[in-house]
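If you read the sequences in order, they're chains A and B.
If you're matching positions, the first sequence starts at 1 in the numbering used here and goes up one per residue.
If you're matching positions, the second sequence starts at 1 in the numbering used here and goes up one per residue.
If you're looking for bench data, these hints aren't it; they were derived computationally from the structure.
All C-beta atoms in this analysis are idealised placements derived from N, C-alpha and C, irrespective of residue type, glycine included.
Treat the hints with caution; some may be incorrect.
Said to hold, decoys possible - Some chain A residues judged to face chain B by a derived CB distance under 10 Å, without partners named: (1) LEU19; (2) ASN47; (3) ILE93; (4) GLY94; (5) PHE132; (6) ILE249.
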Amino acid sequence: MMFDRPARRKYFSHGMTILTGLSIVAIMVPLAAVVYQCVVLGGSVFNLDLFIKGLPYPCTPRQGVTCQQGGLAVPIVGTLELIALAALYSVPIGIGAAIFAVEYAGERASARIIGMVADVLAGVPSIVAGAFVYALIIIYDPTIVFSTFSGSIALSVLMVPIVTRTCEEALRTVPNSVREAALALGISRWKTTLRIVLVSALPGIVTGVLLAVARAAGEAAPLLLTLGDGCAHPLQGVTQEGCALPLWIFYGATSPYQNWINLAWGAALLLLLLILVLSIASRLTLDRMARRMRGE
Amino acid sequence: MSPDNPFPPPTSQTLRRVSKWGDRFFLVLVLLATAAVVAVMVALVAVLVYGSREAIESLGLSFLYTRTWNPTGNVYGIVPFAVGTLLTSAIALLIAVPLGLGAAIFLTQQAPGWLRAPVAQLIELLAAIPSIIYGFWGLIVLVPLMRYDVEPLLSKYLGWTGWFGGNPIGLDVLTASLVLSVMAIPTVTAISRDSIAAVPRSQKEAALSIGATDWEVTRRAVLPYARSGIIAGIVLGLGRALGETMAVTLVIGNRNAIPTSLFSQGQTIASLIANDFFEVANPTEVPALLEAGLILLVITLVINIGARLTLARFQAGRGVGAE
């Protein structure tokens, strides 16, 4: 029977508690190892040069040869440019779709379909998004298929579902009484949505945008198929080949040159810091929203 | 109303006119945005089919069962990469499911209150670290560790199973699966945790009241209730593992052949695209790579839609149960 031998059952239960606790420890090991590696190896090149200098000539130190450290100015600027462009397309589209789903479709099936499409889109592998944008741009103009422009389109494909989903959730937290009060005062529906509902949901929307940026900033796979390699010189323009931190980590990591590998750890540390800052910022905005909703 | 009112109320006519055109314009804008989201979904499939049309026309169904990938001979088959993808993902889940589920159970059932939020946030951080960084770490730290320490032991004690044959060089299917498991764990944990947290208190209290131990409550009252949510979490973790690219590309060894053991170099569909795209030996390889991307897309779409529908049904069912 299930409930005889109380002592044995109790020990078994304690054993399982310890096992589940150990699984937490096991999960934390790779996290700690990755962060430790980035901080130690990336920290060794973490200085002003990292931010202002271009990439160094590839070289491995040996007797009588010292290598330049160089810096990541080009990939840093490239990543900022890519993210700004990608946010420019994906944020209005994501917010617009969320407004339609919540404010116009409401509880109807179309709202659920939009949510479903966004969820499924979020599950599309990033390399497939890259292949898609490559195949799309090459139909339009083969000369710009490897460019910052093309890379930013690929990143925006990954950002749209995140913005849509989080923005939808944020809009749903705005109580209906707020909308009704505004409409009762004779304010038109679009002004109610833009000036009142959207403003109330702003912290949640900011969170969504930050999460989407954090995701896009670290993606290398879609850029592999769309960005080209413009890391050697200062960036030319959005229709020329570009450069980005995550993609440069790939080049640095697979190169045989010691100074490139060191610099790739520097890039990894920079990305890690960027993502940490973005996730802390998004958590803070969420907390502020929660406090405000409790009326503090 | 006094005639010198500085703020005359708008007449009902101007009000209606302004709001009518404003509302229509605004509705068109948000409809366009919605159409763009849906269009991306449709275009993903359509554009990839168009891009790979040459491969689809010349290879037909043979693409799905050919076991070699030979660009110079114009022979393309997805079998080695489909095997590599399924094998690495399966092993990754074998590791990620017990650990991820164990973590979710500990976080919701046993952990003291002050520990729950920080640990949950650390696991979220694990999901936020870019895959290229896992790959870089895997290449520099994990590959030598597997090559010199772990794999020789595995081949010594478990070599008889046939799974661990061949030279352990670290750059192989096993290492790729390990890195993938790290990346699948946060998905499994997050969704199982939400499903377990949604189990009503009464369910647990009923089990406790008849003298069940903590583990018996979890095993017999909580887990069965949260089952479909947990399954959805596992399937979404599988979706993540199937499409993972950079981490796998750096540690799997990149050999376009069917792996013969866990120590053989291999290739997944995603790593094939990442690797071969820039070294196409023959212009016919590009459409073939796009077709491989199309197949990966179809697999992940089926898996994600299935998991989302399960999750939606679970949530709907929970709503009924709460009444």
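Hints and how they fare:
1. LEU19: With Cβ-Cβ at 6 Å, under 10 Å, it holds.
2. ASN47: Because about 21 Å separates ASN47 of chain A from the closest Cβ in chain B, which is outside the 10 Å limit, the hint is violated.
3. ILE93: ILE93 of chain A check passes; min Cβ-Cβ to chain B is 5 Å, inside 10 Å.
4. GLY94: Holds. Min distance 8 Å.
5. PHE132: holds, 5 Å
6. ILE249: For ILE249 of chain A, the interface hint holds, since the closest Cβ of chain B sits about 5 Å away, which is under 10 Å.
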